[in-house]
Amino acid sequence: MASEHTRPAILAEGLRKRFGKTLALDGLDLEVAPGTVLGLLGPNGAGKTTAVRIFTTLLEPDGGHAEVAGLDCVRDAQRLRSRIGLAGQYAAVDELLTGRENLEMVGRLYRLPRATARARAAELLEQFDLAEAANRTARTYSGGMRRRLDLAASLIATPPVLFLDEPTTGLDPSGRLAMWDRISALRAQGTTLLLTTQYLEEADYLADLIAVIDHGRTIAQGTADELKRQVGGERIELTLARGADVALGAQTLAPHVDGHVRADEEGRRLSGAAVDGARRLADVVRDFDAAGIGLDDLAVRRPTLDDVFLTLTGHAAEADEREAA
Amino acid sequence: MSFEALDTGRQHGWLYWQVSDALVLTGRALRHIPRSPEILVYSTIQPVMFVVLFRYVFGGAIKLPPNISYVNYLMAGIFVNTVAFGSFSTGVGLALDLQNGLIDRFRSLPMSRAAVLIGRTLSDLVRNVFTGAVMFAVGILVGFNPQGGVPEIAAAVGILLLLGFAFSWIGATVGLAVRNVEAVQSAGFIWLFPLIFASSAFVPTAGMPAGLRAFANHQPISQVVDAARNWFLGVPVGSHGWIAAVWCVGILAVFVPLSVRVYRHAASKA
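These protein sequence lines map, in sequence, to chains A and S.
Throughout the first sequence, residue numbering follows our numbering, covering 1 to 325 in sequence.
Throughout the second sequence, residue numbering follows our numbering, covering 1 to 270 in sequence.
Derived from the structure by calculation, the hints contain no laboratory data.
From a predicted model like this one, the values you see are computed outputs, not experimental measurements.
C-beta atoms are modelled at their ideal positions from N, C-alpha and C, and glycine is treated no differently.
Possibly wrong hints are sitting among the right ones.
[To be verified] Footprint (simulated), chain S over chain A, 3 or more residues, beta carbon under 8 Å: (1) 197-211; (2) 258-264.
[Unchecked claim] Far from chain S, by Cβ distances over 10 Å, these chain A residues were calculated: (3) 7; (4) 93; (5) 94; (6) 119; (7) 143; (8) 153; (9) 182; (10) 215; (11) 219; (12) 234; (13) 250; (14) 271; (15) 279; (16) 294; (17) 311.
[What the hints assert, rightly or not] For each label pair, taking beta carbons as the anchor points, the in silico distance ranges come out as: (18) A:44 - S:250: 42 to 48 Å; (19) A:230 - S:34: 55 to 61 Å; (20) A:65 - S:180: 30 to 36 Å; (21) S:19 - A:230: 31 to 37 Å; (22) A:222 - S:180: 20 to 26 Å; (23) A:123 - S:36: 26 to 32 Å; (24) A:123 - S:15: 28 to 34 Å; (25) S:99 - A:114: 50 to 56 Å; (26) S:180 - A:225: 41 to 47 Å; (27) S:16 - A:158: 20 to 26 Å; (28) A:122 - S:143: 54 to 60 Å; (29) S:16 - A:44: 42 to 48 Å; (30) A:136 - S:236: 54 to 60 Å.
Just chain A, with the same shape it has in the complex:
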């Protein structure tokens, strides 16, 4: 057991996978220590889902090495499957079975004894606020309920390693927050987690470590703070009412930001690294008022995935998405 603890729970070394002309993974390296949460961040088409599919034995890599819980994803696939859970963006539940039947079925297929599967199902239905809907078919469930059922199904055999592929994509804000709570609770229980996401804030909230991938390769890895530092933290952004004010506007904003004031091509939007976050906004408003410059919009913006990409790769996440499509 001691040696298992020193081994990474999830490991990828030079993982490669090609689909026809598309190179989905181009030498991906990842390492996740047991009991930690890795957020795999990247735009659509970056290779996140392909990586998860290889770790969960759904896909064989063309090259490189992948292992989970010390087991090789290709050679030890069958043994590995009893130690992982998978929940994903498609909320894979059987719509014609009830919530309880779904969980008991998955429990039986994890080869739990029948009584254990039944007891675990009841426990999870309770934990995931599905007890009342337990005996209704899943097609009557809301999107959030389906996600919860999907996540519960992946937990039925209490696997030590869990893969969550975009667990909150398509959920409304309250559903997203509820899902974050569930995932945080899992982290607290010591489950090793790999979650893919397109949202920096999600990775920020849930992950111990974030790996940013693009074109099938890890381009940055670190804690949320480390990444944000690279991106440059919060920015003050404002939109001038008239483009003619740009020079004066930049001069007025300069004392409130760290470093340069950036102006966009149209010369109406100005931005700079925020020094004190939102507290400084009142001062900015007062100074612009005094200078007689009208503002259409003023905000402190946290760095987004776009900012990460812009900084790390020099191109925007969205443009990348179009390329991949």
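Could you slot chain S onto chain A? The hints should help.
Using the frame of chain A, we list chain S on its own:
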């Protein structure tokens, strides 16, 4: 499904788990039947409609050997038609499981690689039994009068269900390979329609051009139809019985491993 007494966790053998997984997924697929009653109703109404329409529309126009009424001739063909087209639902069911990610979930579990397919094909077999019973009753109402004894009728039912089961595995392979519900149905028509109509299911093959007749006489649908028909009517079956059985077993021998192979590499998206 009385595994409880034996059930002591993971130390059972390979075969035990193959059976256990298959039973779990057969139970799952059987639960689907009463929960989507509209599918059961339509899949029963259509063959009943066929019985009545063929009986009364074609009944007067088709030349048959003397001493056999068209409804007695027709019923074996209608049964075969129903179980053969029933294979669509196996394919559609699997394409749906692929589309909504369930196959991904199953493939990530430490379970048998054949269980999902066995579950679908066995539950479709059960549905065929139900649909067949309704058709049999309607057939009797419109004049179907099987003269065979109990063993012969049992043999006829047996070969029909075996054909349905074998075709379900073809449907499973198509469903997993095509992965799209509409495409599964279109693909089904392409391979199944010629087989059904270039056969002795609805009309004697004697009136067909020589080349087509040779094909029609030897293909599995005709063999099964002729075997089942003769058993129902209580006349000698000749070689049709064993040839039909060999066809069904042969189809299973090819499509069971093939569909499992496709399943192992099935992906919900490219």
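Report the numbers of all earlier hints that the structure fails to satisfy, in ascending order. 1, 2, 4, 5, 8, 21, 22 and 25
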